[in-house]
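This is what each chain is made of:
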Amino acid sequence: MLLSDKEKREKKSDLVKDILIGFFFLIISVGAFFAYNPADAPLDVGTDGMNFATYPLGVASLLTILVLIYLITSFKKFFSAQQDYNFFKYLNQSIQDNKSLYFKRILTVILLTVYALILGEINFMLLTSVFLFAVFYLYERRDYFFMITLSLLGGGFSYALFVYFLKLPI
Amino acid sequence: MRTLILGVLFLFSTLGNVVFAAYPEQAIRVIVPYKAGGGTDSIARGFVGAFSKAAGVDVVITNVNGGAGSKGIIQVMKSKPDGYTLLLTGSTDMIGLSTFRKMPFNSSGSLETVGGIYTTPTYVLAHKDRGYKSLEEVIAKSKANPGTLIAGIGGKFGAHDVLANALNGYKDAGFRIVAYDGGAALKKATIANEVDICIIHSPVLLNEVKAGLLNVIGTGGSLENITYSPIQKTKTLRDMGVPADVGVTRGLWAPKGTPKDIIEKLEKFIAEAANSDEFKKFGNNFGFAPKYYTSSQFLDLLNLEQGVYSDIKGKFMSK
Amino acid sequence: MFEGLLGGFANCFEPFNLLLLFLGTFLGLLVGALPGLSSPMAIIILLPVTYSLEPLPALLTMIGVYVGTKLGGSFSAILLRTPGTPAGACTALDGFPMAEKGQSGLALGYATYASFFGGVTSWIIAVTCIPFISGIALKSSNADIALIAIMGLVMVSAFTRGSMLKGFIGVCIGLLIGSIGMDRTDAIERFTFGSIDLLSGVPFAAALVGLFGFAVVISDLSLMKSSSELVTTKFKIELPSTLDFLKRWRAWSVGGFFGSIIGAVPGVGADGATWLSYGTVKNNSKNPENFGKGEPDGVVAPETANNATTGGTMVPMLTLGIPGDASTAIMIGALYLHGLQPGVTLMKTGAEVVYGMLAGLLLAGVFMFIIAMGAIRFFVYVLRQHRSILFPFVLIFATMGAFASYNEFFPVYVAIFLGVFGFIMEERGFPVVTIVLGVILGPIIEYNTRVALQVANADWTTFIDTWPRILMIGIIVFLVFNEVKQGLSRQKLSKQNI
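Chains as they are written, first to last, in our numbering: chain B, 1 to 170; chain G, 1001 to 1319; chain Z, 2001 to 2498.
In case anyone wonders, no lab produced these hints; they're calculated from the structure. Note that the structure is predicted; figures quoted are calculated from it, not measured. One or more hints might be untrue.
Below, a list of computed lysine to aspartate or glutamate pairs in the EDC-like style, where the Cα atoms sit at most 16 Å apart [to be verified]:
id, chain 1, residue 1, chain 2, residue 2
1, B, K17, Z, E2426
2, G, K1078, Z, D2197
3, G, K1080, B, E121
4, G, K1256, G, D1082
5, B, K167, G, D1058
6, B, K17, Z, E2289
7, Z, K2166, B, E121
8, G, K1291, G, E1224
9, G, K1102, Z, E2426
10, B, K89, B, D14
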């Protein structure tokens, strides 16, 4: 198969990402065996032949097996792929290429979290308008008059819908 | 300057009194810790119309379900004690949670009782096809073959579970207790004749009893106020020698620290609403006549029920 | 029965009732289209608003909302990939690719036709076979529900565009997430780490909003630079003709059948039926590889099933007082508030209201069709605005939708977390829809299996006690076998290509 260098690098980086996420799932599936709260409850078998731990541990076992298969196949692919690859170099390159996209994504999550955190404390309409404006700005809009108008309208509409009509306790 | 400060302070202090004197000035929010459409929610919605008229302000219901009712309770606990956030739930629902689970609240100490509005005992039903005429008959049959007869309940560690365990404990009945996920699931199982006996709060399924599909064979408390005379004299647990009254009283609570005069005002409104024609009409349609408890009567009731729960838990229930 | 229905229609045609039904349907379409808002939410609001009305007008409004949201949820699913309901998630699989190809009018049109057809079919079945439908609701015991849910889960390969292994991993993760919280049978906490907030598990609306709202926004930020494919200065929205729709009879007949029958099974209705329909139509299609890339049958099947569940949920509600889903549960509460007694006697004591509601169900479908067909252009116009305008609003609605699920902020944080998690998974090729499938169906499977076994005293033969159960187990075994075979042959093919 004739792949360019960039494609080979990306393929290998994909595999690295696959392996990383595989390990993440492995932690979840194995962690389930410790986190299901064995201390707090008796493991009496109920009249159905099962107890509270049967189902989640069954799923965790299945997940562990599947994730191990996934990791093994990913590792096999990784080692049989081309050798010239440097993870950190790729990471740097990728960040350079997609700086603005990563920035937008991370900041969207941050803005959302901050919005949720202070939503109960500050006036809903005001906060929503400010949030809308901030996100418009983040998404590279620079038509300020339109942004301000839409933010205010959006804040007002949200207030009318959620607080006045749906009577949510904000 | 000092005069100014004193004047402002005086103004604020009088303003405070003015605020209290004017309660309620805005909408009161009643938190129901269950999903919309359920038994407690329906009773709450039937009640708030009359409550709103008595209080002279809007009363809004907010459903905060989750954690078997604990999330709603905790939300009210954390609310400002200004009389604008109240909790409406069942007495034994609150007691069940604090008796059987590690909760950051207890039924009598963590909230102020405001009053009780609707009391119903937990009763025992059986499908007509099973042919059971009385609870003693079922218990005898179950004793003969322990573990074969099914007692369906609406959820673990609630009033239903306590009644079932009281039967198994005091009468050595040997029922196989199957916990369904809430009243609706238990209703369906009962109508479909999947369980031998169904333990559920009255007056749920009263319609089916009236239609002859189900029989009431026992009750955890007197049914004299149920709107169907043929079952009003049903034998209670006590009549059968089980020293337990099991039922549920829906009532209102306020966050701890709510000023006494606001609680008194709320008591007045709730008394008026609970005794109103509107709520009586709703109650009778639902199946049970309303009953009003003052805040101290309600607290006494809670303590009594807590005693029953702890007793049965200690004697007969596993962890 | 027939006279009763005629009387019901006569009542519905009173101008005030007709107006309320129309307004309710319109409101339902809007509410459904807004990501994060759902039918139960809108119906709860209507409870105090309609309190002072007579029972029938009040309930007609709610029925209108109920029917309208079923289609409305698909509009945002198709145009923005942010479904308002879990059933809409299925429509998004093919609906959104169609919109991306510039076929948004076709997709929405097919969805509208399918929903209308599904609603009418299930209505006809419901009113002509009331005892049959009630019988399904009553006789479907926990074992049956568990098997239906397992069938839905096993259909997962229908949604995995590539690696079957990734699909199953996604489902298992969904199953694990679904088991967080208090176990429904023993009431013991699992995976809660002592948190009160997690006692009742991961708030379901938060999972939906996070995995399908936030994750989509985060992911589709990469598409922000390119102007929407739907945008041209002047364009004609192509709508399907009735004949186009009728030609797809395989899709709508499967959807209508599954929806009408499975809709009557309480608790698993709409979600199970839509995915089962989609999976069945895909597996039996002449070109299954087109599914997931913009295949109209992939919109028609789930949409038909979705609305076909309405007859199935309403009949047991009216004849037995058994709710099929959250919306009908609230309607039962509304019946009490209006002085009626839902249960086995309602058809006699409240006949006028019952027949009025049944008539209203059909009329709501008609209104839904008319309004939706007329509104398609409007929706396409609004939702094809630049993503930099739409996405902030999606974020707000999704946040409020998550908040409204428990009226507190914890679900919002869960949604944000799941949004990031879902985005990462989609990037690596794990279809997020499998996680949602696991989160919804997992608790249903576990609870119903355990109760079924408790009632049967731990006797596993209860699962082959009746012929429907044997049939379902047979289907499950066949599906698993089929999927493994397909997966292995796909792997062989990809190895040969290298």
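Hint-by-hint comparison with the structure:
no.	hint	result
1	B/K17 - Z/E2426	12 Å, holds
2	G/K1078 - Z/D2197	14 Å, holds
3	G/K1080 - B/E121	14 Å, holds
4	G/K1256 - G/D1082	10 Å, holds
5	B/K167 - G/D1058	12 Å, holds
6	B/K17 - Z/E2289	27 Å, violated
7	Z/K2166 - B/E121	42 Å, violated
8	G/K1291 - G/E1224	12 Å, holds
9	G/K1102 - Z/E2426	39 Å, violated
10	B/K89 - B/D14	14 Å, holds
Consistency note: the structure conflicts with the earlier hints numbered 6, 7 and 9.
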